[in-house]
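**Student:** Listed here are the chains, written in short residue letters.
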Amino acid sequence: MTAATLAPASTPARRLSPVAGLRHTFTLAWRSLVQIKHNPMELLDLSIQPVMFVLLFTYVFGTAIAGSSGEYLTFMLPGIMVQNALFATMTTGFGLNNDLTKGVFDRLRALPIARWAPLAGRILADTVKQAWSIALLLGVGAILGFRVGNGLLGVVGAFALLLAFTLAASWISVLVGVLVSEPDKVQIFGFMVIFPLTFTSNIFVPTDRMPGWLQNWVEVNPVTVVADALRGLLVGGPVAGPVLQTLLWGAGIAVIFAPLAVRGLKRRV
Amino acid sequence: MDYAIRAEGLVRRFGATTALAGVDLAVPTGTVFGLLGPNGAGKTTAVRVLATLLRADEGRATVGGFDVVRDAHQVRQLIGLTGQYASVDETLTGAENLLLIGRLLGLGRADAKQRARQLLADFQLSDAADRAAKTFSGGMRRRLDLAASLVGRPQVLFLDEPTTGLDPRSRNDLWDIVRALVSDGVTVLLTTQYLEEADQLAGEIAVVDHGRVIAQGTPEELKAKTGGQTLTVRPADLADLGAVTTIAHAVSGASPEVAQNAVTVAVNDPGVLPAVVSRLDAAEIAVAELALRGASLDEVFLSLTGHRAEDAPAGTDLERTPA
Numbered sequence: 000m001t002a003a004t005l006a007p008a009s010t011p012a013r014r015l016s017p018v019a020g021l022r023h024t025f026t027l028a029w030r031s032l033v034q035i036k037h038n039p040m041e042l043l044d045l046s047i048q049p050v051m052f053v054l055l056f057t058y059v060f061g062t063a064i065a066g067s068s069g070e071y072l073t074f075m076l077p078g079i080m081v082q083n084a085l086f087a088t089m090t091t092g093f094g095l096n097n098d099l100t101k102g103v104f105d106r107l108r109a110l111p112i113a114r115w116a117p118l119a120g121r122i123l124a125d126t127v128k129q130a131w132s133i134a135l136l137l138g139v140g141a142i143l144g145f146r147v148g149n150g151l152l153g154v155v156g157a158f159a160l161l162l163a164f165t166l167a168a169s170w171i172s173v174l175v176g177v178l179v180s181e182p183d184k185v186q187i188f189g190f191m192v193i194f195p196l197t198f199t200s201n202i203f204v205p206t207d208r209m210p211g212w213l214q215n216w217v218e219v220n221p222v223t224v225v226a227d228a229l230r231g232l233l234v235g236g237p238v239a240g241p242v243l244q245t246l247l248w249g250a251g252i253a254v255i256f257a258p259l260a261v262r263g264l265k266r267r268v
Numbered sequence: 000m001d002y003a004i005r006a007e008g009l010v011r012r013f014g015a016t017t018a019l020a021g022v023d024l025a026v027p028t029g030t031v032f033g034l035l036g037p038n039g040a041g042k043t044t045a046v047r048v049l050a051t052l053l054r055a056d057e058g059r060a061t062v063g064g065f066d067v068v069r070d071a072h073q074v075r076q077l078i079g080l081t082g083q084y085a086s087v088d089e090t091l092t093g094a095e096n097l098l099l100i101g102r103l104l105g106l107g108r109a110d111a112k113q114r115a116r117q118l119l120a121d122f123q124l125s126d127a128a129d130r131a132a133k134t135f136s137g138g139m140r141r142r143l144d145l146a147a148s149l150v151g152r153p154q155v156l157f158l159d160e161p162t163t164g165l166d167p168r169s170r171n172d173l174w175d176i177v178r179a180l181v182s183d184g185v186t187v188l189l190t191t192q193y194l195e196e197a198d199q200l201a202g203e204i205a206v207v208d209h210g211r212v213i214a215q216g217t218p219e220e221l222k223a224k225t226g227g228q229t230l231t232v233r234p235a236d237l238a239d240l241g242a243v244t245t246i247a248h249a250v251s252g253a254s255p256e257v258a259q260n261a262v263t264v265a266v267n268d269p270g271v272l273p274a275v276v277s278r279l280d281a282a283e284i285a286v287a288e289l290a291l292r293g294a295s296l297d298e299v300f301l302s303l304t305g306h307r308a309e310d311a312p313a314g315t316d317l318e319r320t321p322a
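Top to bottom, those sequences are chains A and B. Per numbering that gives the first Met the number 0, the very first residue in the first sequence carries number 0; after that it's consecutive. Per numbering that gives the first Met the number 0, the very first residue in the second sequence carries number 0; after that it's consecutive.
Since the hints were derived computationally from the structure, they do not count as laboratory data. In this text the structure is predicted, and so the values were computed from the model without any measurement. Incorrect hints may appear among the rest.
What the hints assert, rightly or not - Example chain B residues on the side facing chain A (calculated, C-beta under 7 angstroms, incomplete):
id, residue
1, Leu52
2, His72
3, Gln76
4, Leu99
For glycine and all other residues, C-beta sits at the position ideal for the given N, C-alpha and C.
Using the sequences and the hints given, assemble the complete structure.
**Tutor:** See the structure below:
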């Protein structure tokens with residue numbers, strides 16, 4: 000059998016260059032993205048839910064909450080972008096857990112590739128998916144009449160800020176993916192935590208319409224902070240304060256959860 | 000002698016469980032070495048340590064002369080890993096899975112595609128090249144698993160229970176592939192629950208139980224230790240049961256048992272089979288079934304450890320010779 004013919008024994012390389020590690024990362028990101036081709040449901044997942052939320056909230060609650068659906072769209076779209084991005088971070092933990100439980104992760108680790116490449120490749124691919132959802136929401140918003148107040152710079156800024164924040168938040172997802180026994184539990188975690196977290200923020204209803212005891216929480220909820228930053232960048236209003244707070248939240252989450260996630264991953268495998 | 004794999008005093012604990020309790024192994028280059036034992040014996044843990052996936056708490060091991068901890072990167076360039084714990088990506092096609100590995104190993108796009116095509120052809124998977132691996136049958140998936148571990152032309156191949164759950168035909172196909180690899184000079188470390196599989200493939204077998212190697216030797220040596228084989232004769236006509244019993248006793252020298260319309264007797268000499276056939280023939284007895292069954296893993300365990308393997312192997316039907 001020709002497949003098995005051995006190449007003349009060559010001396011194995013002692014170590015990897017960082018460039019090789021980057022190449023492994025891109026190859027593994029390709030692997031995660033090409034899956035969409037075979038599983039178009041995933042793309043629908045990425046696309047339908049956010050669009051449906053925008054439509055439902057705009058036309059069902061819009062008039063009741065903000066007086067008109069157009070005004071409500073302006074208020075709510077930046078927030079729904081945050082909510083959707085947080086739900087989408089669960090993809091990372093789901094995929095990682097899938098690789099861990101199915102044995103794909105071990106196959107990758109037995110290869111002479113950079114130790115960090117499997118995780119980095121996954122996060123890179125999920126960042127591309129995030130970018131797709133954010134662009135989709137902005138596009139749908141524009142069609143429905145969302146008016147950008149700060150021009151292209153605002154849009155690019157909002158885009159970059161949200162991506163940076165989700166990159167930090169995805170470490171929580173990685174930690175969950177490392178800790179739970181099966182992929183579906185990542186989804187359950189996402190549902191149980193992200194739903195209440197995002198609804199007890201100011202993304203759908205202005206803070207002053209909520210009961211007093213809840214307002215205290217809503218104001219410190221990081222989802223409120225990120226939504227305010229996006230509103231500032233996309234629509235208008237205070238920018239510096241909320242953007243700075245968003246970056247601090249992101250840094251704080253990454254500093255706490257990245258080491259926990261990496262330690263958990265090393266223990267798991 | 001040149002050893003592709005060496006392990007000395009490997010110990011690995013998981014909490015209160017000791018998966019490896021001091022394992023020594025020496026696998027000569029270019030041979031198949033079988034690790035035989037029931038579920039939970041420590042076979043997979045040993046493979047994971049040798050394949051750089053897991054660190055041993057104590058002891059040391061080398062693969063191709065490289066330390067599995069200190070020189071892990073070099074070891075990974077020499078090995079291929081197939082088994083329960085190293086799997087292909089089910090959402091990718093057969094071709095994409097192999098392409099992925101080729102690219103990760105540093106092949107250019109064209110080379111990686113060429114290598115994938117060649118391996119798919121070698122493993123009779125060309126027709127399934129563009130189908131997602133999750134649609135593959137069990138046998139196809141194992142072949143793809145094995146192909147994936149061969150993309151880098153490994154010198155040392157770890158096969159962790161490669162045929163568990165496969166039907167006899169797929170199992171035979173896989174054995175043929177392993178034999179071809181060995182004839183090309185690859186060293187194979189095979190773990191299995193089936194004595195039959197170790198017997199078919201391995202030149203040397205280590206029997207593992209509770210994290211220890213409790214016996215080691217060639218298949219013949221091990222079988223001799225475990226009390227030989229069982230001969231079963233089922234006459235076509237039940238009226239011949241008595242005559243068959245007499246012949247079985249005469250040939251084997253042991254006392255036969257009659258159960259379920261068949262005569263079984265313990266034999267130590269494989270030469271009894273032709274002797275029984277000629278005696279039956281001479282007596283003009285038509286036979287519905289004639290089988291020489293080797294010692295099962297259960298029997299190996301019973302005789303080596305005094306206790307039964309917790310997990311009974313799925314029979315030794317493959318050794319049956321239709322009469």
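**Student:** If a hint holds in the structure, say so; if it does not, say that too.
**Tutor:** Status of the hints after comparison with the structure:
1. Leu52: holds (6 angstroms)
2. His72: holds (6 angstroms)
3. Gln76: Holds, because the Cβ-Cβ distance from B:Gln76 to chain A comes to roughly 4 angstroms (cut-off 7 angstroms).
4. Leu99: Given a least distance of 5 angstroms, the restraint on B:Leu99 holds.
Of the numbered hints listed earlier, not one is contradicted by the structure.
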